[in-house]
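**Q** Listed below, chain by chain, are the residues.
Protein chains: 2
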Amino acid sequence: MEDIATAIATPNIALVKYWGKRNDRLILPENDSVSITLDESVKTTTTVLFSDRLSRDAFYIDGSESKIEGVTATAMDVLMQIKKMANEKRHVLIASENTFPSGTGLASSASGSMALVYAACSALKLEIDAKGLSMLARQASGSACRSAYGGFVRWLKGSNDDGSDSYAKQIADEKHWNEVIDIIAIVDQKKKKVASREGQALTKETSKLYALRKEIAQEHADAAENAIIEKDFERLAMLIMTESNNMHAVMTDTFPPLLYLNDVSKSIIYAIHELNESSGSAIAAYTFDAGPNAHIITKKQNVHEVTEMLEGIEGIRNIIECRQGSGPRLSDASVIKDEMYV
Amino acid sequence: MEDIATAIATPNIALVKYWGKRNDRLILPENDSVSITLDESVKTTTTVLFSDRLSRDAFYIDGSESKIEGVTATAMDVLMQIKKMANEKRHVLIASENTFPSGTGLASSASGSMALVYAACSALKLEIDAKGLSMLARQASGSACRSAYGGFVRWLKGSNDDGSDSYAKQIADEKHWNEVIDIIAIVDQKKKKVASREGQALTKETSKLYALRKEIAQEHADAAENAIIEKDFERLAMLIMTESNNMHAVMTDTFPPLLYLNDVSKSIIYAIHELNESSGSAIAAYTFDAGPNAHIITKKQNVHEVTEMLEGIEGIRNIIECRQGSGPRLSDASVIKDEMYV
Chain A
323 MEDIATAIAT PNIALVKYWG KRNDRLILPE NDSVSITLDE SVKTTTTVLF
373 SDRLSRDAFY IDGSESKIEG VTATAMDVLM QIKKMANEKR HVLIASENTF
423 PSGTGLASSA SGSMALVYAA CSALKLEIDA KGLSMLARQA SGSACRSAYG
473 GFVRWLKGSN DDGSDSYAKQ IADEKHWNEV IDIIAIVDQK KKKVASREGQ
523 ALTKETSKLY ALRKEIAQEH ADAAENAIIE KDFERLAMLI MTESNNMHAV
573 MTDTFPPLLY LNDVSKSIIY AIHELNESSG SAIAAYTFDA GPNAHIITKK
623 QNVHEVTEML EGIEGIRNII ECRQGSGPRL SDASVIKDEM YV
Chain V
323 MEDIATAIAT PNIALVKYWG KRNDRLILPE NDSVSITLDE SVKTTTTVLF
373 SDRLSRDAFY IDGSESKIEG VTATAMDVLM QIKKMANEKR HVLIASENTF
423 PSGTGLASSA SGSMALVYAA CSALKLEIDA KGLSMLARQA SGSACRSAYG
473 GFVRWLKGSN DDGSDSYAKQ IADEKHWNEV IDIIAIVDQK KKKVASREGQ
523 ALTKETSKLY ALRKEIAQEH ADAAENAIIE KDFERLAMLI MTESNNMHAV
573 MTDTFPPLLY LNDVSKSIIY AIHELNESSG SAIAAYTFDA GPNAHIITKK
623 QNVHEVTEML EGIEGIRNII ECRQGSGPRL SDASVIKDEM YV
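Going down the list, the sequences are from chains A and V.
Note that our numbering has the first sequence beginning at 323, numbered continuously upward.
Note that our numbering has the second sequence beginning at 323, numbered continuously upward.
If you are wondering where the hints come from, they were derived from the structure by calculation, not from laboratory data.
Some clues are possibly wrong.
It does not matter which identical chain is meant; a pair holds if it fits inside one copy or across any two.
In silico DSBU-like links for lysine-lysine, alpha-carbon gap of 30 Å or less [as the list claims (entries may be wrong)]:
(1) Lys526 / Lys447
(2) Lys497 / Lys405
(3) Lys491 / Lys536
(4) Lys406 / Lys536
(5) Lys536 / Lys659
(6) Lys453 / Lys497
(7) Lys447 / Lys553
(8) Lys588 / Lys659
(9) Lys491 / Lys411
(10) Lys659 / Lys553
(11) Lys497 / Lys622
(12) Lys405 / Lys536
(13) Lys343 / Lys411
(14) Lys536 / Lys588
(15) Lys343 / Lys526
(16) Lys526 / Lys536
(17) Lys588 / Lys453
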């Protein structure tokens, strides 16, 4: 007997960042974060199959069998949790495909974790809502929990030790303020970055400014939620930039320092400030995760000037326009191929 | 009648940084800072002449008459103060020469301000000690006050509103721990930096982390003084790097952000961490002011490995080795030329 389901999920870009855990195992953050879920111009499609015919578990990413280590290992732990919930004993076959344009520098961990837990729960016919999915995805890869909804999403840090109050909630769906989009500028990267998981722990351990950062980020999350509800772009834009700078400040204050921004990132930052100054108001905002690629949050009517500005900067390899997505969904198109059966 | 004197002063490199004022006019800092005074491989020689023959005041820098603006204007204000102290009415002629290797990226404001106040006081036969000189130089250019002594120096922030308790004191002279030196790596700089004065004000005004930075720097100053007295290089080195990162963190947290480090600076930072790791202890420490040039604090016995490491990094334009200096001194060699008389 076989049970199978396929889910599609998309990444999200944080406007208020998650950087630092209060619980490493359950992946509970030190502060709330706020994000935009991206549309399916970047997405992960994952099929999960439970079958008596399988001799062992297997995990395929983009057609190749993946070693169970790193994020994949954490994702498998969550899958074991899901199996336990359904009292499921069969082996599992997972196939995941990313349709991220080559070299986007985007992490597939958020969309991948969300697609996995959604497909697994669906295959096992578990009754689970978006909040439940967000809690499962959170344990696979922290910020993945925010991909549980479309539009603008807030991840509540919660205060319970067991993580039962740390999940995503939707601030507003993708129709509320759909003019707001994300233009991704992919930047050449010389240095290999420190993995986020490791970097976060190092910041928490060594940064003397981190205690204050947590409080600031929490205030930023409240302020961002209000700006989104009130559709105040100027206020949101200022907040997004301040917040990105603040996270990169504590990264710089880490020992050894985590210096993710490079000279191209700096050029983008300065160019956005110039663009806003010459426009007389903040029409665009930059935000950077743990890497040099810029996400420019702007409104549809300003795409042309932002793109033109980006095209004038040396060292940008690719520019991708992403609109707001509507959250994860189930699909009929399995990505498992016959030769994957083990 | 003419009164003339010439003084020589050298820059200092801060190990614990000054970034932010509690009083802009008197140049009173928010926290103590600690520095090494450099030797005369980089220096300013300044002659000050008071004469009835002058028809106006004039200020020459490296042979060319300088406009009285920016740092020069502040220095002239301090000179007026000195004239008042001596009840002096004659015009003044100032000639200042910097023997900084071309393109060092080093600011002459510290050595210049110190040489100026020392020469002026000496020409007017004012009885003034190093503490008094440091208070005058402080008002010309903040960190200049630390060039009042040789060796290791601490600038006390003080608490009085009139600045009467904000001056430099010597932690230890240049003989105490003369193995400790500064290797300056001059880095190609694409972007023009924001002026320190303006940048400091912006950080204080906009950085949400700055309140904590002030306290951290104050603790760093105490810890650095102890490490210097106890000649604990490992402890001092860790502190120097942590402190530099901490200042650049609040610079990053400024709005718009002050991103002084560039890709070459980053390469130097990573290379120093690697060197220390492979050495089994911190044998070198990087520190950066408001620019991309690195100062590598190390001990004489490690100059070879540090220099070799720096030579392997692309984008370094010049490497200058500076030992500890013995502080400012008077000289007989005037740098005023006949054609400067106005």
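**Q** State for each hint whether it applies.
**A** Okay, the hints, checked on the actual structure:
1. Lys526 / Lys447: neither (39 Å within a copy, 56 Å between copies)
2. Lys497 / Lys405: Classified as neither: same-chain Cα gap 35 Å, cross-chain 71 Å, threshold 30 Å.
3. Lys491 / Lys536: within (20 Å within a copy, 37 Å between copies)
4. Lys406 / Lys536: neither (35 Å within a copy, 52 Å between copies)
5. Lys536 / Lys659: Neither: 45 Å inside a copy, 60 Å across copies.
6. Lys453 / Lys497: within (20 Å within a copy, 67 Å between copies)
7. Lys447 / Lys553: Intra 38 Å, inter 68 Å, cutoff 30 Å: neither.
8. Lys588 / Lys659: For Lys588 and Lys659, the Cα distance exceeds 30 Å both inside one copy (44 Å) and across copies (46 Å).
9. Lys491 / Lys411: neither (32 Å within a copy, 74 Å between copies)
10. Lys659 / Lys553: So Lys659 and Lys553 fail the 30 Å test inside a copy (45 Å) and across (67 Å) alike.
11. Lys497 / Lys622: within (14 Å within a copy, 65 Å between copies)
12. Lys405 / Lys536: neither (35 Å within a copy, 52 Å between copies)
13. Lys343 / Lys411: Neither, since 32 Å and 67 Å both go past 30 Å.
14. Lys536 / Lys588: Result: close both inside a copy and across copies, 25 Å intra and 26 Å inter.
15. Lys343 / Lys526: For Lys343 and Lys526, both the intra-copy (8 Å) and inter-copy (29 Å) Cα distances are at most 30 Å.
16. Lys526 / Lys536: both (10 Å within a copy, 20 Å between copies)
17. Lys588 / Lys453: neither (37 Å within a copy, 41 Å between copies)
In terms of the numbered hints stated before, the structure departs from hints 1, 2, 4, 5, 7, 8, 9, 10, 12, 13, 17, listed from lowest to highest.
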